[in-house]
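Novice: Please construct the entire structure, taking both the sequences and the accompanying hints into account.
If you read the sequences in order, they're chains Z and A. Under our numbering, think of the first position of the first sequence as 869, with each following residue one higher. Under our numbering, think of the first position of the second sequence as 865, with each following residue one higher.
Rather than coming from a laboratory, the hints here were simulated on the basis of the structure. Among the clues, some could well be false.
Rough simulated footprint, nothing fancy, chain Z against chain A, three-plus residues with beta-carbon under 8 Å [unchecked claim]: (1) 880 to 892; (2) 904 to 910; (3) 992 to 1001; (4) 1049 to 1060; (5) 1064 to 1078.
Ideal Cβ positions, reconstructed from N, Cα and C, are used throughout, including at glycine.
These are the residues of each chain, in order.
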Amino acid sequence: MIKLKNKINVLNLNYKKELIKIISISLLIIIGTLYFAYSLKKFYLIVIGIFAIGVQLELFSFSYDKKISILNKQNETEFVAVLNYIKTYLHNGFNVYKSLEETIQYVSPWMQNKLGTLITEIDKDKSIAPFINFAHSFESSIIEQVLIALYLMIENGSNDEFIIRFTPIFNQLENDNKHKLIKQIESKFDSLNLLPVVGSAIITLLIITGVVGLIGGALNGL
Amino acid sequence: MFILIYLTTGIFLNSAIAGIVVFIYSLFFAKKIIKNYFDKQRNVSECTNFINTLIISLSISNSLEMAYKDAITKISKKLDKYIKSYAKSLDVLENINSLRVYFKSKNYDIFLNILKLYLNNGGNILEMSVNLQLELRRKEELINSIKQINNRKTYEFFTLWAFCLAILLFCKLGLSNIYAMMQSYYLFNYEILFFFGFMFFSFHIFICNISNSLKKVMQ
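Specialist: Below, the structure is given as structure tokens:
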């Protein structure tokens, strides 16, 4: 349950609402199971009911995991755009710190929060640590390299030559992100293309049950 | 949908209800989702064109008025209507600023910032906005790739469903006697209705997915 709470918090969802959703479904399962177990006098159904609640919790946990993974990918995609904004400001003579400050107004609330923390930490700590902490908010290791490059720009000055030197890392991040995004979209479509296959399976079942019914009727002389 | 359901079940009332549901859905929901999808695409490409034309024209003429005039020469009717109603001020910069509500793009906000820097400090606008132009190109390329995937997958999805319906229609028309006998079981027609319900549901998910695919890039 603690794991579930952490996942809900990561997704920035209302914990109470989610809990009510889970409890209501569990209650429905319990009531349904008890009703059938009592009316059919088959008490082993209670065990199936308990198992169903466990499955339900697992399904919720799985759906939160999936949402977290989508959110992480979205954040990485946003970071690529943010990086281009930072590069725009660096190119126009702003330093890394000022570029971060300017960029913060064009980003999502999540990124605003993370960039805000980064700026505050840079104020207190002039080492690489704030950049590494910020990089830990993302799964991609290339983002860490990019942030190290940004830190080095603070240390060595952010002139154009320096930006050009780090261009391969920036490009790698962009390409990596593009491939991930396209792969994610394609895999979603691939899973949706299974629906017509399920549709064909339904038709096949319909025909089979219909034919079997006819044969059964013929055998019984109907 | 009505014709298909009526042809396969032969029940007028159920077919009519399903037909009305599908009609209402297409008219109020699907149309809106599809329109939003194309609007988003058009908006991004319009924003990119506007920024690029303005930057290039500004770098050549060094006049914001001239650059703005060039940027709004080849625009959509919607943008033209917007400019005529909301961006009709005499001050060109104010007009350019007011377009941020229309484009609703972070790239456009960055462009406004660069333009402000250029007007205050001078410099070469083409040089100043080189990274922004790269970002615009990157986004447009990404949208084009997604568009290609969407088109390809839509074609696949509809072809698969067409084959699925072809099986059902073949049974109805090719094996009409056996089909009629199967229909004598009252549950059979409801099972067919369930199949069409499932098909309708899958179309809805598919349309939503197409619309969501662009959202991933639009942040």
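Novice: Now look at each hint and say whether the structure bears it out.
Specialist: Here's how the hints hold up against the structure:
no.: 1; hint: 880 to 892; verdict: violated (count 0)
no.: 2; hint: 904 to 910; verdict: violated (count 0)
no.: 3; hint: 992 to 1001; verdict: holds (count 7)
no.: 4; hint: 1049 to 1060; verdict: holds (count 6)
no.: 5; hint: 1064 to 1078; verdict: holds (count 5)
This entry does not satisfy hints 1 and 2, going by the numbered hints stated previously.
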